[in-house]
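**Q** Sequence:
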Amino acid sequence: MVQAKLSPDLIARFAAITGPAYALVEDGDIAPYLVESRGLYHGTSPLVLRPGSVAEVSAILALATETRTAIVPQGGNTGHVGGAAPREGEADVVLSLSRLNRIRDVDPVGNVIVADGGAVLAEIQKAAEAVDRLFPLSLGSEGSCQIGGNLSTNAGGTAVLAYGNMRQLCLGLEVVLPTGEVWNGLRRLKKDNTGYDLRDLFIGAEGTLGVITGAVLKLFPRPLGHEVAFAGVKSVADALTLFERASSRCGHALTGFELMPRLGVEFTTRHIPGVRDPLATPHDWYVLVDISTSDAAETATRMMEALLAEGIEAGLVEDAVIASSEEQRRALWHMRENMSPAQKPEGGSIKHDVSVPVSAIPAFMAEADAAVMAAIPGARICSFGHMGDGNIHYNISQPVGADKQAFLDRWSEINHLVHGIVLSYNGSISAEHGIGQLKRDELAAVREPIEMDLMRRVKRSFDPAGIMNPGKVVKV
34 MVQAKLSPDL
44 IARFAAITGP
54 AYALVEDGDI
64 APYLVESRGL
74 YHGTSPLVLR
84 PGSVAEVSAI
94 LALATETRTA
104 IVPQGGNTGH
114 VGGAAPREGE
124 ADVVLSLSRL
134 NRIRDVDPVG
144 NVIVADGGAV
154 LAEIQKAAEA
164 VDRLFPLSLG
174 SEGSCQIGGN
184 LSTNAGGTAV
194 LAYGNMRQLC
204 LGLEVVLPTG
214 EVWNGLRRLK
224 KDNTGYDLRD
234 LFIGAEGTLG
244 VITGAVLKLF
254 PRPLGHEVAF
264 AGVKSVADAL
274 TLFERASSRC
284 GHALTGFELM
294 PRLGVEFTTR
304 HIPGVRDPLA
314 TPHDWYVLVD
324 ISTSDAAETA
334 TRMMEALLAE
344 GIEAGLVEDA
354 VIASSEEQRR
364 ALWHMRENMS
374 PAQKPEGGSI
384 KHDVSVPVSA
394 IPAFMAEADA
404 AVMAAIPGAR
414 ICSFGHMGDG
424 NIHYNISQPV
434 GADKQAFLDR
444 WSEINHLVHG
454 IVLSYNGSIS
464 AEHGIGQLKR
474 DELAAVREPI
484 EMDLMRRVKR
494 SFDPAGIMNP
504 GKVVKV
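Residues are numbered in my numbering as their position in the sequence shown, beginning at 1, plus a constant of 33.
Hints were generated in silico from the structure; no laboratory data involved. Think of the CB as a built atom: it goes at the ideal place given N, C-alpha and C, for glycine as much as any other residue. One thing to keep in mind: the hints can contain errors.
To be verified - Here are the simulated DSSO-like pairs of lysine-lysine, each with C-alpha atoms no more than 30 Å apart in a straight line:
1) K492 x K224
2) K38 x K492
3) K437 x K377
4) K267 x K377
5) K508 x K38
As the list claims (entries may be wrong) - Simulated restraints on C-beta separations:
6) A347 x D62: 53 to 61 Å
7) R490 x A347: 46 to 54 Å
8) K38 x L456: 35 to 43 Å
9) D62 x A407: 46 to 54 Å
10) E121 x P374: 23 to 31 Å
11) H449 x G284: 34 to 42 Å
12) D317 x E359: 28 to 36 Å
13) E121 x G411: 27 to 35 Å
14) P432 x S457: 24 to 32 Å
15) R363 x R493: 43 to 51 Å
16) D140 x M34: 43 to 51 Å
17) G228 x D317: 48 to 56 Å
18) S457 x P315: 26 to 34 Å
19) G61 x E475: 30 to 38 Å
My request is simple: use the sequences and hints to build the entire structure.
**A** What follows is the structure, encoded as structure tokens:
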């Protein structure tokens with residue numbers, strides 16, 4: 034069992050590792066580290082440590098194992114499932130990676146970048162751009178989220194269709210184990226068949242096995258051609274048919290295919306400054322199509338124009354606009370990226386981050402819509418997301434005029450309802466946000482017993498003292 038309370042002497046021992054300036058003990062200084070971005074979890078902590086080196090992280094974890102002190106690794110704290118929030122009423126020590134933010138090396142020949150775990154995603158993108166390369170992970174929180182957190186949650190973002198999620202974008206890791214030992218796995222090799230792939234154990238583990246302090250990430254040539262279009266369609270089924278045609282016509286050049294409902298467009302134009310409806314008349318559904326080509330700008334233009342012309346001729350596309358500048362391309366993506374925060378001013382929102390096989394998206398959404406409307410008449414369903422990889426953010430805004438808290442009190446009930454439908458299509462209850470505290474118990478209920486047992490064995494093997502992010506992902 035981890036400590037239920039930290040003594041002043043033990044706090045002083047931890048503070049001596051980082052120096053008092055980087056050991057926060059005052060309530061006002063600690064407060065920002067206690068609440069996750071969605072506000073679902075409000076934890077407690079007697080101490081926030083901000084180490085400035087891998088050696089300091091190592092010393093902190095060694096002391097934590099010795100004294101059985103719970104450690105909660107925290108990056109940019111932009112998660113949605115309480116994975117980086119300390120537990121309520123416990124003595125969890127928050128380990129912030131914000132000072133471990135260096136870009137260690139950029140290698141445009143080898144197409145890799147090496148960075149600290151606390152490096153901010155936007156800084157990684159800029160460092161890649163400075164050598165005419167692309168790091169393709171793109172998230173709405175990219176100005177504050179950190180690479181270690183992106184890896185720990187196996188973040189996806191908007192370009193998974195072409196480049197994969199963080200698991201596919203990472204070649205090597207540096208990890209501090211709960212014992213304080215440091216595993217230097219910062220390999221830059223695309224081919225390395227020397228035993229177990231330890232890297233994959235830490236990616237997606239949400240800080241329950243160790244602390245990611247460094248990473249080797251893949252870079253890609255910057256596209257020469259880039260086109261983004263916004264199209265109105267009649268139905269989710271038509272959107273899926275258009276995606277099939279886009280995949281066949283564009284291949285790997287199809288870097289994004291996002292699905293959005295009319296309600297989402299109304300929310301963003303109403304609440305997000307500077308957002309306007311790109312089309313003259315409303316449509317039931319919309320798709321955002323992103324095409325990038327490496328050979329010439331004209332190739333992307335020809336692909337997009339041919340795809341939309343084919344879609345219009347087939348009756349799949351009702352209207353469309355192609356961005357005519359980089360500013361317009363960013364504006365279209367800005368609308369999509371702000372669809373979730375645009376729900377907040379509309380009152381309570383019950384959210385789901387799910388995935389189903391791409392071909393099952395129309396059937397899943399029809400079944401889920403019917404079930405939700407039967408359970409909550411007047412609910413406003415705002416389901417959107419990455420149609421190309423099957424990841425749908427199935428969000429539900431409260432009925433107009435409903436009591437917000439009474440609506441939110443049904444979160445677990447509605448999650449159970451929607452997740453049951455997801456599982457009937459062999460889908461996943463967490464596509465890219467992770468498990469954290471929010472879905473820990475549900476994970477145990479939906480996975481095979483042998484699978485949960487294997488996860489617990491891994492956890493006990495790496496962290497026998499149980500200090501790493503306790504209460505998250507798996508209950509040991």
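**Q** The structure should be examined with respect to each hint, and the outcome stated for every one.
**A** Results of checking the hints against the structure:
Restraint check for K492 and K224: satisfied, since their Cα atoms lie roughly 27 Å apart, inside the 30 Å limit. This hinted pair checks out: K38 and K492 have alpha carbons roughly 23 Å apart, not beyond 30 Å. Distance restraint check for K437 and K377: the Cα-Cα separation of roughly 11 Å lies within the 30 Å cut-off, and the hinted pair is therefore satisfied. Only pairs whose Cα atoms come within 30 Å are accepted, and K267 paired with K377 is accepted, the gap being roughly 27 Å.
At roughly 21 Å between alpha-carbon atoms, K508 and K38 fall within 30 Å of each other, so this suggested pair holds. Separation of A347 from D62 is about 59 Å and conforms to the stated range, judged on CB atoms against 53 to 61 Å. In this structure the hint that R490 and A347 lie 46 to 54 Å apart at CB holds, the actual value being about 52 Å. A hinted range of 35 to 43 Å for the beta carbons of K38 and L456 is consistent with their spacing of about 40 Å.
For D62 and A407, the hinted distance range of 46 to 54 Å is satisfied, since their beta carbons lie about 48 Å from each other. E121 and P374 have their C-beta atoms about 25 Å apart, which keeps the hinted 23 to 31 Å range intact. Separation of H449 from G284 is about 39 Å and conforms to the stated range, judged on CB atoms against 34 to 42 Å. The given range of 28 to 36 Å is respected by D317 and E359, whose C-beta atoms sit roughly 29 Å from each other.
Taking the beta carbon of each, E121 and G411 are about 33 Å apart, inside 27 to 35 Å as hinted. For the hinted restraint 24 to 32 Å between P432 and S457, the CB-CB distance of approximately 26 Å keeps it satisfied. Separation of R363 from R493 is about 47 Å and conforms to the stated range, judged on CB atoms against 43 to 51 Å. For the hinted restraint 43 to 51 Å between D140 and M34, the CB-CB distance of approximately 45 Å keeps it satisfied.
Hint check: G228 to D317, Cβ distance near 52 Å, so the stated range 48 to 56 Å holds. Distance hint for S457 and P315: a CB-CB separation of about 32 Å, consistent with the stated range 26 to 34 Å. Between G61 and E475, the C-beta spacing of about 35 Å keeps the proposed range 30 to 38 Å intact.
Going down the numbered hints, you'll see the structure goes against none, and every one checks out.
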